[in-house]
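J.: The residues making up each chain are set out below.
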Amino acid sequence: MVGGVDKPRTIHPLFVRVTHWVNAFAIFVMVLSGWRIYNASPLFDFEFPKDFTLGGWLAGALAWHFAAMWLLALNGLAYLAYGLVSGHFRKSFLPISLRGAFDDVLLAMRGLLDHAPGRYNAVQRLFYIGVILAVIVAVLSGLAIWKPVQLQALTAVMGGFETARRVHFFAMAAIVAFLLVHIGLAVSVKGILTPMFTGRAEAPR
Amino acid sequence: MKPRRSERLSAFRPQIARLERRLFLKQGLSLGALSLLSGCTLKDDDAVDRLLMTMSRFNDKIQAALFDPAKLAPTYSEADVTTPFPFNAYYEEKDVPLIDGERYRLQLSGLIADKRPWSLDELRALPQSSQITRLVCVEGWSAIGQWRGVAFRHFLERVGADLTARYVGFKCADKYYSSIDMPSALHPQTLLALDFTDAKYGYPLRLRLPTKLGFKNPKFIGEIFVTNDYPGGYWEDKGYNWFSGS
Ligand code: HEM
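Line by line, the protein sequences give chains A and B.
Just so we're aligned: 195 in the numbering used here is position 195 of the first sequence, and the numbers increase by one with no gaps anywhere.
Just so we're aligned: 1056 in the numbering used here is position 56 of the second sequence, and the numbers increase by one with no gaps anywhere.
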């Protein structure tokens, strides 16, 4: 414990906090403008409600999407670089174990899962790694459908233009599914949201 | 594939009239979920619009840098061609211009040495080539089509166009207009297409370049000009990204 038992300790490094909230903003812009772009030519038998989209019409939505993609990609690269180089990923996300996640889910269902500040449980670790991968897939499939000629090797890896469109959609769906759980827990589990801004655990254990 | 329930570009017309150039926020942010979450309505639309336009110009530069003049778009076989090929314009199919091929003359202007107009027969006398490529629409759908005509590079060289100029612009019989960058105009797969499935896709002359989105492939071309002054375009002036490369 860095600051002694009585002083609150830093459980979220500043770099992680800043990139997390920049990422949250970028993801919201990408998802909401993406829904508006989807509506211009729906892949499936539904459209997103217009009031929950960003951009007003197709050109506006595309302008948001192609502006925020830089924020998402550059901020994401910074976060990945920091996580790998500083050892943050190793310390916070490893080890992962399906067995551990399974046990934690059982504990959570019985209301016994502790949320220890500064330590992610096994389910969180799996989910965080999962959503990071989903964002990477979303970015790569997005590049594949943005530049199917210049980046045709990438488009081919994604299964061709039409398949890449669907990959892009399902990456978005995975991110949104994660967010429903993630935001739900962040606002309902006591004492975890504030530290994501301040970095400090609220009460030392 | 043709979208089942798409908003055709034509469906935007009433909206466009309302939104004109300040299009990004009016209905998006002020009603949208983001303002509910942030509690902020971002009344100052213009500042956000300007930021988005600046980013769009930045993306033009990035795309121009990413454009590889030697990289060819994937080609397909005749069996892959999408039938029926989707019709798409800013107006309904019944409103396509009907042009008399006998009397048709392609006009040339701007930085071109020989501005003599071209008849269809004269264009057909030039070497023809054919391609089967994927057309990607800005709306998200794509379709594979076949086009045949004159390599645009050959035509530009033939008429003595200034190949160091920045833009090639197009004025069309359906009041549509657009423009592309010179490197894309000179790409080996950029065609001045004379033959395609049906007259409604741009008879008698259209541009076909698989290195850009569908709306950068003007149809019913009446005039081609070469210039260094940014000519814009019908959709581009309403806020679509200008370069729109694939
Ligand atoms: C309003 C939106 C969001 C809220 C309220 C929120 C809240 C939080 C909180 C409270 C934590 C710390 C959890 C803990 O200490 O146990 C956290 C961590 C995390 N969140 Fe979010 N989040 C949001 C959006 C997002 C988005 C959009 C993503 C990704 C697409 C995301 C991915 C992550 C990841 C990967 C971590 C772990 C960060 C690390 O330690 O490196 N979050 N979030």
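Treat the hints with care, as some may be off.
List of simulated lysine to aspartate or glutamate pairs, EDC-like, C-alpha gap at most 16 angstroms [claimed, not checked]:
| # | chain 1 | residue 1 | chain 2 | residue 2 |
| --- | --- | --- | --- | --- |
| 1 | A | Lys147 | A | Glu162 |
| 2 | B | Lys1175 | B | Glu1122 |
| 3 | B | Lys1094 | B | Asp1198 |
| 4 | A | Lys147 | B | Asp1237 |
| 5 | A | Lys147 | B | Asp1198 |
| 6 | B | Lys1200 | B | Glu1078 |
Only some residues are given here: those of chain A computed to face chain B with a beta carbon under 8 angstroms [to be verified]:
| # | residue |
| --- | --- |
| 7 | Val149 |
| 8 | Ala153 |
| 9 | Arg165 |
To be clear, the hints were calculated from the coordinates, so they are not data collected in a lab.
Just so we're clear, the structure is a prediction, and the values are computed from it rather than from any experiment.
Every residue, glycine too, gets a C-beta built ideally from N, C-alpha and C.
J.: Hints broken by the structure, by number, lowest first?
T.: Hint check: 2, 4, 5, 6, 8 fail, others pass.
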